[in-house]
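Chains as they are written, first to last, in the numbering used here: chain A, 1 to 518; chain B, 1 to 518.
It is worth saying that the hints were derived from the structure and are not from the lab.
Any given hint could be a false lead.
Copies of the same chain are indistinguishable here, so a pair counts whether it falls within one copy or spans any two.
DSS-like cross-link-like pairs, simulated, lysine-lysine; straight-line CA separation at most 30 Å [to be verified]:
(1) Lys307 <-> Lys31
(2) Lys136 <-> Lys304
(3) Lys307 <-> Lys245
(4) Lys238 <-> Lys30
(5) Lys443 <-> Lys481
(6) Lys307 <-> Lys30
(7) Lys306 <-> Lys247
(8) Lys238 <-> Lys479
(9) Lys55 <-> Lys463
(10) Lys247 <-> Lys30
Protein chains: 2
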Amino acid sequence: MKVSPSKLYHFLLNFSLILIGTTSSIYAQKKPNIIVFLVDDMGWQDTSLPFWTEKTPLNARYHTPNMERLAKDGVKFTNAYATPVCTPTRVSMMTGMNAAHHKVTNWTSPQYQVSSDNADEQFAPASWNYAGLSPKAGIPNTIHATPYPQLLKDAGYFTIHVGKAHWASVGTPGVSPYNLGFIGNIAGHAAGHPQSYFAQDYYGNKPGKNTMQSVPDLEEYYESDTFLTEALTLEALKTLEAPIKNKQPFYLNLAHYAVHVPLQADSRFYQKYLDQGLDPQEAKYASLLEGMDKSLGDVMDYLKAKKVDQNTIIIFMSDNGGLSLTPPRGGIAHTQNLPLKAGKGSVHEGGIREPMIVKWPGVVKPGSTANQYVIIEDFFPTILEMAGIRNYKTIQELDGQSMLPVLKQPNYVNNDRSLIWHTPNKWIPNDGPGINYKSAIRKGNWKLIYNMRDGTKELYDLKADIGELENKAAENPEKLKELSGLLAAQLKKWNSPMPIVKSTGKPVAMPDQTTSMQ
Amino acid sequence: MKVSPSKLYHFLLNFSLILIGTTSSIYAQKKPNIIVFLVDDMGWQDTSLPFWTEKTPLNARYHTPNMERLAKDGVKFTNAYATPVCTPTRVSMMTGMNAAHHKVTNWTSPQYQVSSDNADEQFAPASWNYAGLSPKAGIPNTIHATPYPQLLKDAGYFTIHVGKAHWASVGTPGVSPYNLGFIGNIAGHAAGHPQSYFAQDYYGNKPGKNTMQSVPDLEEYYESDTFLTEALTLEALKTLEAPIKNKQPFYLNLAHYAVHVPLQADSRFYQKYLDQGLDPQEAKYASLLEGMDKSLGDVMDYLKAKKVDQNTIIIFMSDNGGLSLTPPRGGIAHTQNLPLKAGKGSVHEGGIREPMIVKWPGVVKPGSTANQYVIIEDFFPTILEMAGIRNYKTIQELDGQSMLPVLKQPNYVNNDRSLIWHTPNKWIPNDGPGINYKSAIRKGNWKLIYNMRDGTKELYDLKADIGELENKAAENPEKLKELSGLLAAQLKKWNSPMPIVKSTGKPVAMPDQTTSMQ
Numbered sequence: 001m002k003v004s005p006s007k008l009y010h011f012l013l014n015f016s017l018i019l020i021g022t023t024s025s026i027y028a029q030k031k032p033n034i035i036v037f038l039v040d041d042m043g044w045q046d047t048s049l050p051f052w053t054e055k056t057p058l059n060a061r062y063h064t065p066n067m068e069r070l071a072k073d074g075v076k077f078t079n080a081y082a083t084p085v086c087t088p089t090r091v092s093m094m095t096g097m098n099a100a101h102h103k104v105t106n107w108t109s110p111q112y113q114v115s116s117d118n119a120d121e122q123f124a125p126a127s128w129n130y131a132g133l134s135p136k137a138g139i140p141n142t143i144h145a146t147p148y149p150q151l152l153k154d155a156g157y158f159t160i161h162v163g164k165a166h167w168a169s170v171g172t173p174g175v176s177p178y179n180l181g182f183i184g185n186i187a188g189h190a191a192g193h194p195q196s197y198f199a200q201d202y203y204g205n206k207p208g209k210n211t212m213q214s215v216p217d218l219e220e221y222y223e224s225d226t227f228l229t230e231a232l233t234l235e236a237l238k239t240l241e242a243p244i245k246n247k248q249p250f251y252l253n254l255a256h257y258a259v260h261v262p263l264q265a266d267s268r269f270y271q272k273y274l275d276q277g278l279d280p281q282e283a284k285y286a287s288l289l290e291g292m293d294k295s296l297g298d299v300m301d302y303l304k305a306k307k308v309d310q311n312t313i314i315i316f317m318s319d320n321g322g323l324s325l326t327p328p329r330g331g332i333a334h335t336q337n338l339p340l341k342a343g344k345g346s347v348h349e350g351g352i353r354e355p356m357i358v359k360w361p362g363v364v365k366p367g368s369t370a371n372q373y374v375i376i377e378d379f380f381p382t383i384l385e386m387a388g389i390r391n392y393k394t395i396q397e398l399d400g401q402s403m404l405p406v407l408k409q410p411n412y413v414n415n416d417r418s419l420i421w422h423t424p425n426k427w428i429p430n431d432g433p434g435i436n437y438k439s440a441i442r443k444g445n446w447k448l449i450y451n452m453r454d455g456t457k458e459l460y461d462l463k464a465d466i467g468e469l470e471n472k473a474a475e476n477p478e479k480l481k482e483l484s485g486l487l488a489a490q491l492k493k494w495n496s497p498m499p500i501v502k503s504t505g506k507p508v509a510m511p512d513q514t515t516s517m518q
Numbered sequence: 001m002k003v004s005p006s007k008l009y010h011f012l013l014n015f016s017l018i019l020i021g022t023t024s025s026i027y028a029q030k031k032p033n034i035i036v037f038l039v040d041d042m043g044w045q046d047t048s049l050p051f052w053t054e055k056t057p058l059n060a061r062y063h064t065p066n067m068e069r070l071a072k073d074g075v076k077f078t079n080a081y082a083t084p085v086c087t088p089t090r091v092s093m094m095t096g097m098n099a100a101h102h103k104v105t106n107w108t109s110p111q112y113q114v115s116s117d118n119a120d121e122q123f124a125p126a127s128w129n130y131a132g133l134s135p136k137a138g139i140p141n142t143i144h145a146t147p148y149p150q151l152l153k154d155a156g157y158f159t160i161h162v163g164k165a166h167w168a169s170v171g172t173p174g175v176s177p178y179n180l181g182f183i184g185n186i187a188g189h190a191a192g193h194p195q196s197y198f199a200q201d202y203y204g205n206k207p208g209k210n211t212m213q214s215v216p217d218l219e220e221y222y223e224s225d226t227f228l229t230e231a232l233t234l235e236a237l238k239t240l241e242a243p244i245k246n247k248q249p250f251y252l253n254l255a256h257y258a259v260h261v262p263l264q265a266d267s268r269f270y271q272k273y274l275d276q277g278l279d280p281q282e283a284k285y286a287s288l289l290e291g292m293d294k295s296l297g298d299v300m301d302y303l304k305a306k307k308v309d310q311n312t313i314i315i316f317m318s319d320n321g322g323l324s325l326t327p328p329r330g331g332i333a334h335t336q337n338l339p340l341k342a343g344k345g346s347v348h349e350g351g352i353r354e355p356m357i358v359k360w361p362g363v364v365k366p367g368s369t370a371n372q373y374v375i376i377e378d379f380f381p382t383i384l385e386m387a388g389i390r391n392y393k394t395i396q397e398l399d400g401q402s403m404l405p406v407l408k409q410p411n412y413v414n415n416d417r418s419l420i421w422h423t424p425n426k427w428i429p430n431d432g433p434g435i436n437y438k439s440a441i442r443k444g445n446w447k448l449i450y451n452m453r454d455g456t457k458e459l460y461d462l463k464a465d466i467g468e469l470e471n472k473a474a475e476n477p478e479k480l481k482e483l484s485g486l487l488a489a490q491l492k493k494w495n496s497p498m499p500i501v502k503s504t505g506k507p508v509a510m511p512d513q514t515t516s517m518q
């Protein structure tokens, strides 16, 4: 067909006008939507989806069909890590920095300029950033950094936070998600857990009964029987209405308060776990998990109904290992994450290894598994790369690495990278396995743990011994030396906070300065 | 110049690509931004800007330079009306309905399904909608209606509420601005006033000290000296960052808690009023007013700095007359709005006439004055017309009329319209002038007040007697009959709630069924 110049002109003119017409009042969406579905205190085994090489009794105990569904559509990470407790993980995610670098190494008290550290006979506190993350300079005891939601917002994303924030203490700018790049915020504030999951308790807002943990913004549900997990889900989906309608790409940070204590029964699922023979505390815990899983399913259903599921990335993650203290957990202490050792608060695998799944239609191979180890600070560069945002500027130097190579090729292997955990803090009054005053490093399948109390070290081969039961330090002096040196070099480079030995007034020795073994 | 087809093709192709590039990720804004700056309990004379024909002692007392500045840029309405108390006004604004029609005729208790009416010996309560506004059907004791922010959001507006909401009680959907068409909400909830304006009090959120009036969402300012009015302003301006950057039109509902009780000193302005000789309570009140006025100035400065002031409409309004009860106000009761009679809660002018200013660059004549009477339900069709939204559908039938004719021509006159006020409620335990169990109607300059207690009526000529001091009922039987008939017909048409006479078990007589005069 021959086209005359005049016809061509009119065709192109019309084409231009069509473009004006369709894009003048709405976003012409190209960028993917991104949802981070972050669970609180959920362990690696707290799911019916096996993350280990074999299905465990815990996998059989819990029912999380929607995690299974998500994994069928995406990639399951078997070696995804966070930090041992919540705020360090959340700040690492928001800053792309390792906790030993941003120095928020323990949870932030919601109270103004109060350290959450417990007092100790041997050590005076390390100078950690106990007021959390700050988007502004000059706020005492905070890490001043650029959070990635700000970069997403600057690039046109509709950025929403729903649920637990816990990035900073009251009286500092980081306490407000609006200052961290979010356009909207529901229920996120200084607290690290809800006073109550129950609407009947007004989620902790009954007159005269409030604490720093009273959950804001949910008055609509008072006097109903809407469990907190459900209320947050309903609110989150409500916020997506506008960007979906406007074809504006969105970023949703759906950070559930579940399954953090208080362990309260989600009545929609509680009875079945009692019937299964669990004690009431563990049945409550299981019900919290399944309520969270229902939320995940509701989100997936909503995206599908709105026809945006194929353009929406979902990243499922938890912020630290499952709680293994008894009480409030039932059973024997530190067995709640088996085959992993210990739980929340510990640098052992039970405290840091997380159930992570990524669905990314068209990019990630459905039903795949990635064994490459990754860590929470990797979220920052990964999410920005997912959004196609490049050459961005940040106040902080990033430690995280983009997970795109793994996402594109799940069998990707890099055993040269070192991951570091650092707790120069006294999280709980009594030490436990891997808990209080510990550092750790993983490179390849080797993991070293440094005990600041006595300078001892442990060395584990995670491939052969995921439970960290056999200390291989004595028989591998070279590996011990290598990892001690790497860990010490990084802590020195970052000027990481160290506890002060009261008897000497000096910081604890670096891991390469001691030779003792456990 | 001769252009070859090939060159033309490439030119147009490039043109198309430029269009894609410039409009793909942002809105191409044409619609104006709209800000409603709503003050709480501010009287018609609570400003240095004279709204009467002469400057009054109250105008001399207060300092509101930014209202004066706004009036220089816009039109001042001398006969703008709201209802006698807050929730009826706010619901009329959101629904475009007269209060006698939506039946939310008194303030909503923040408590679930609790009527705020006081008990009375003569009357049993009218069946009013004491749970407020609902965007969903089937919620007991609510008016089910479509709020205009929903229509703005549907049309692509970025809709934000900051400050006092007070549209509905807890446990109902209307309590959440997210359900009323707002994309974001800061500090708006069920309560009608703040527990405290002070950051040092955590705005009422100190542990164990909360009430239904504790202001949510402002943890960032705890431990600072940021007065509530200032915190809300900072938060409001923060929310505008994204839409301005994205060139998305925005609607901001900046609804200050000031100047509602508790009368607490805004320390930035308090001392000057003490020095002026005011008693402490009145100095506090004046400081609340000037803090509010500073907020208005900050908003105007921000818009100018962001270069959007010429495309932003500002509507300044109050929700009812100034409080005239003593205490908490100083002085003699019901003199606080002179020359107007009485104050908040009253159907006299002191309770319902409001300081209203509209700035609309390019449309409204700067420095003009409009004497046409308008009323709060007019906001609904006016704002939608400002936004260029036509042929919208609402659940409710609108009573409000667009103010565009007045805005375009400030000397516009329509004396055929009737405005109605209706309080079949016992707002306070003791009746006062125009307070409790009253209806009123204005047509032209004539105003009729109907007293339900004894069936008496008052008739005033507002042009000659703005203070409603001379009852002209006896000498104008025709006007009395006309207005009684108009009022009764409208109340019947709307099936407006009426108190029940305990002695008969029947509703109070309609105003056209009584002939007695005061």
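Okay, the hints, checked on the actual structure:
Taking the shortest alpha-carbon separations for lysine 307 and lysine 31, both the intra-copy value of 15 Å and the inter-copy value of 28 Å come in at or below 30 Å. For a Cα distance limit of 30 Å, the shortest separation of lysine 136 from lysine 304 across copies, 24 Å, qualifies, whereas the shortest one inside one copy, 39 Å, does not. Taking CA atoms no more than 30 Å apart as the test, lysine 307 paired with lysine 245 passes in both settings, with 11 Å inside one copy and 28 Å between copies. For a Cα distance limit of 30 Å, the shortest separation of lysine 238 from lysine 30 qualifies both inside one copy, at 22 Å, and across copies, at 27 Å.
In this assembly of identical chains, the alpha carbons of lysine 443 and lysine 481 lie at most 30 Å apart only when taken from the same copy (13 Å versus 93 Å across copies). Taking the shortest alpha-carbon separations for lysine 307 and lysine 30, both the intra-copy value of 15 Å and the inter-copy value of 29 Å come in at or below 30 Å. Taking identical chains as interchangeable, the C-alpha atoms of lysine 306 and lysine 247 lie at most 30 Å apart whether they share a chain (11 Å) or sit on different chains (25 Å). Proximity of lysine 238 to lysine 479 under the C-alpha cut-off of 30 Å is found in neither arrangement, the shortest distances being 52 Å within a copy and 52 Å between copies.
Proximity of lysine 55 to lysine 463 under the C-alpha cut-off of 30 Å is restricted to the intra-copy arrangement: shortest distance 17 Å within a copy versus 86 Å between copies. Taking the shortest alpha-carbon separations for lysine 247 and lysine 30, both the intra-copy value of 9 Å and the inter-copy value of 18 Å come in at or below 30 Å.
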